[in-house]
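If you read the protein sequences in the order shown, they are chains A and B. Residue 152 in my numbering sits at position 152 of the first sequence; the count goes up by one each step and never skips. Each position in the second sequence, counted from 1, maps to that position plus 244 in my numbering.
Read the hints as simulated data drawn from the structure, not as lab findings. Check before you lean on any hint, since a few could be wrong.
Far from chain A, some chain B residues (derived; all Cβ distances over 12 Å) [claimed, not checked]:
id, residue
1, Lys298
2, Ala392
3, Glu437
4, Gly460
Derived DSS-like pairs (lysine-lysine); straight-line CA-CA distance at most 25 Å [to be verified]:
id, chain 1, residue 1, chain 2, residue 2
5, B, Lys298, B, Lys271
6, A, Lys74, A, Lys54
7, A, Lys88, B, Lys331
8, A, Lys87, B, Lys332
9, A, Lys69, A, Lys54
10, A, Lys179, B, Lys423
11, B, Lys331, B, Lys318
12, B, Lys313, A, Lys87
13, A, Lys88, B, Lys332
14, A, Lys87, A, Lys69
15, B, Lys298, B, Lys313
Positions of the beta carbon are idealized from the N, C-alpha and C atoms, including for glycine.
Protein chains: 2
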Amino acid sequence: MRKYPRLFVRSRLQQGEEIDFDESHSKYLTRVLRLQSGDGIAVFNGRDGEWQGKLVIDGRRCRLALSEKSRDQKQVPDLDLLFAPVKKTRTDFIVEKATELGIANMTPVITAFTQSARVRTDRLTHLAIEAAEQSERLDVPTIYESVALARIISGWDVNRTIYYCDEAGADATFADTLKTRPARPAAILIGPEGGFSESERQLLRQHSFIIPVSLGPRILRAETAVASALSIWQSILGDWSQTS
Amino acid sequence: MRKYPRLFVRSRLQQGEEIDFDESHSKYLTRVLRLQSGDGIAVFNGRDGEWQGKLVIDGRRCRLALSEKSRDQKQVPDLDLLFAPVKKTRTDFIVEKATELGIANMTPVITAFTQSARVRTDRLTHLAIEAAEQSERLDVPTIYESVALARIISGWDVNRTIYYCDEAGADATFADTLKTRPARPAAILIGPEGGFSESERQLLRQHSFIIPVSLGPRILRAETAVASALSIWQSILGDWSQTS
Chain A
1 MRKYPRLFVR
11 SRLQQGEEID
21 FDESHSKYLT
31 RVLRLQSGDG
41 IAVFNGRDGE
51 WQGKLVIDGR
61 RCRLALSEKS
71 RDQKQVPDLD
81 LLFAPVKKTR
91 TDFIVEKATE
101 LGIANMTPVI
111 TAFTQSARVR
121 TDRLTHLAIE
131 AAEQSERLDV
141 PTIYESVALA
151 RIISGWDVNR
161 TIYYCDEAGA
171 DATFADTLKT
181 RPARPAAILI
191 GPEGGFSESE
201 RQLLRQHSFI
211 IPVSLGPRIL
221 RAETAVASAL
231 SIWQSILGDW
241 SQTS
Chain B
245 MRKYPRLFVR
255 SRLQQGEEID
265 FDESHSKYLT
275 RVLRLQSGDG
285 IAVFNGRDGE
295 WQGKLVIDGR
305 RCRLALSEKS
315 RDQKQVPDLD
325 LLFAPVKKTR
335 TDFIVEKATE
345 LGIANMTPVI
355 TAFTQSARVR
365 TDRLTHLAIE
375 AAEQSERLDV
385 PTIYESVALA
395 RIISGWDVNR
405 TIYYCDEAGA
415 DATFADTLKT
425 RPARPAAILI
435 GPEGGFSESE
445 RQLLRQHSFI
455 IPVSLGPRIL
465 RAETAVASAL
475 SIWQSILGDW
485 SQTS
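Bound conformation, chain A alone (with noise of 0.2 Å):
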C-alpha cells in the first residue's frame, strides 16, 4: 500500500528547498487527492532521489517544504522500447506497462502495417509520469518523436542489440537468447497487429546487431507483448534480481 501520494516535479530537489506547485498540480493535490495542510507527500524529479515534505497549500496553490531525503536517486537498467503505434487504447497501455516494468526510453516506430502513423508523444509522456509516479520509478522514461523503421534502424548503433519479437517464427525464445547472449545495452521491438511485412522482415534479418526472438506458441497482441518481453529481459538480465 502507498503510504502517501507521490509526484513528479521539475524543480531542484535539495535540503531547505521549497517546492511550488503549478496550478494543475495543485488542484490535483487539493481536489483529487483531497489532501489537507500537513499531509505529507513525496516529490522525485529523476534526478535528485525522492524527497518527503508537508503540503502547505496557501488559497489556490500548494506548497511543499523539502524535509528529507526518502530514497536515493536510482536509474532503471539500459534498456530501449521500439514499439508500432497500435489502437489509442492498446497504444496507452504499451506505455503505462512499460513505464511500470521499467524502460528507460520509448520511441514509437512507424512500419508497413502500423495502423497509426499519428502519435502524440506530449500525452503519452504525460501518461509515463502518472506511471511513473504510481510505481514508485525515480524517473520518467523518454519519449522519442515517432520515426520510420528504416530510418532509426539505418543509424543504429551497433553496440545496442536489438531483439525483434517474431511472431512469424524465430528459432530461440527470447528466454533462451537471453541466456546464451546477455550483451548490454539493448533494445526491444514489438511489431504492429499483422506483424512485419516480408520486405521489413527481410530489412531486420540483414542485420547481426538484431536477433528474431519467440514470444511464445500463441500470437500475443502488442501491448501483451511488450509487457512480456520487459518482464523475462528484467528477471534475466534486468533489476529484478537486486530486490530482497
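Model the placement of chain B on the given structure of chain A, informed by the hints.
For chain B alone, kept in the frame of chain A given last:
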C-alpha cells in the same frame, strides 16, 4: 498475419460435419467481418483441434462444411490464475492477457482490499473467447465464479503450489524461485491494488504450498503483474520453449 478468421464453436468437429452458426455468429461473419460465401474460416471447440472450411451464407444464417483439420488439439500447460478483480477495464485486460499468455483456468478471488466484489463471469468468459480466437489458442480458459480468499485457501489441493506475488517484499524473484522449485501443477495469485491486508499476508504465509515471490523493485498494477508473472512462468516451466 492471420490467414483466416477463427471462431470458437460449441459443436462437435469431425470430417463431413456441417456447422450451423447461430444468429450472433452469423451477424459477426457477414456484417463485422464482411465475409462472402466461399470465404475460408477456421473453427475450434477446445477438444477436436482446429478445422477449416468454406462459408455458406444462406439468407441471414451462415453455415460451414468442414473440409480439413488444420491443427491437432493441444492443451495449454496446467496453470491456474487467482486474481483479485480490479476496475472494469483493468479486469478485462487481466482476462484478455491471461488468455493470450496461455492460462488454463482463472478464478476471481475476493480479498480485503478488493475494489469490486461483483464480477460477471459470463462477460469475462465472452472476453476470453475473443482473446482465444485472436491468439490462435485451441481452447478457452475456464473462468470460475468468484470466491473469498480464505475459503479458496482452506479447500486448496496442497499439491498445487501457489506463487503469490508479494509487493511488500518477497525473499526471491519469481524467476529465481521457479528455477529451484520446478514442481507442477501451479497457480499464480495476484492481489488487488493496495496489496493484501496484514491478516491475509499472515494466512498466506502459514501454508507451505504458498510461496511468496517478487516481481521486481517497482509497484506493478494488477494487470501488469498478471502479464508479467504468466510470461515468466511460461518461459521457464510452460510451453514457450517448445516453439520453433
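Hints versus structure:
{"no.": "1", "hint": "Lys298", "result": "holds (23 Å)"}
{"no.": "2", "hint": "Ala392", "result": "holds (20 Å)"}
{"no.": "3", "hint": "Glu437", "result": "violated (9 Å)"}
{"no.": "4", "hint": "Gly460", "result": "violated (4 Å)"}
{"no.": "5", "hint": "Lys298(B) with Lys271(B)", "result": "holds (16 Å)"}
{"no.": "6", "hint": "Lys74(A) with Lys54(A)", "result": "holds (24 Å)"}
{"no.": "7", "hint": "Lys88(A) with Lys331(B)", "result": "holds (19 Å)"}
{"no.": "8", "hint": "Lys87(A) with Lys332(B)", "result": "holds (19 Å)"}
{"no.": "9", "hint": "Lys69(A) with Lys54(A)", "result": "holds (13 Å)"}
{"no.": "10", "hint": "Lys179(A) with Lys423(B)", "result": "holds (13 Å)"}
{"no.": "11", "hint": "Lys331(B) with Lys318(B)", "result": "violated (33 Å)"}
{"no.": "12", "hint": "Lys313(B) with Lys87(A)", "result": "violated (33 Å)"}
{"no.": "13", "hint": "Lys88(A) with Lys332(B)", "result": "holds (18 Å)"}
{"no.": "14", "hint": "Lys87(A) with Lys69(A)", "result": "violated (40 Å)"}
{"no.": "15", "hint": "Lys298(B) with Lys313(B)", "result": "holds (13 Å)"}
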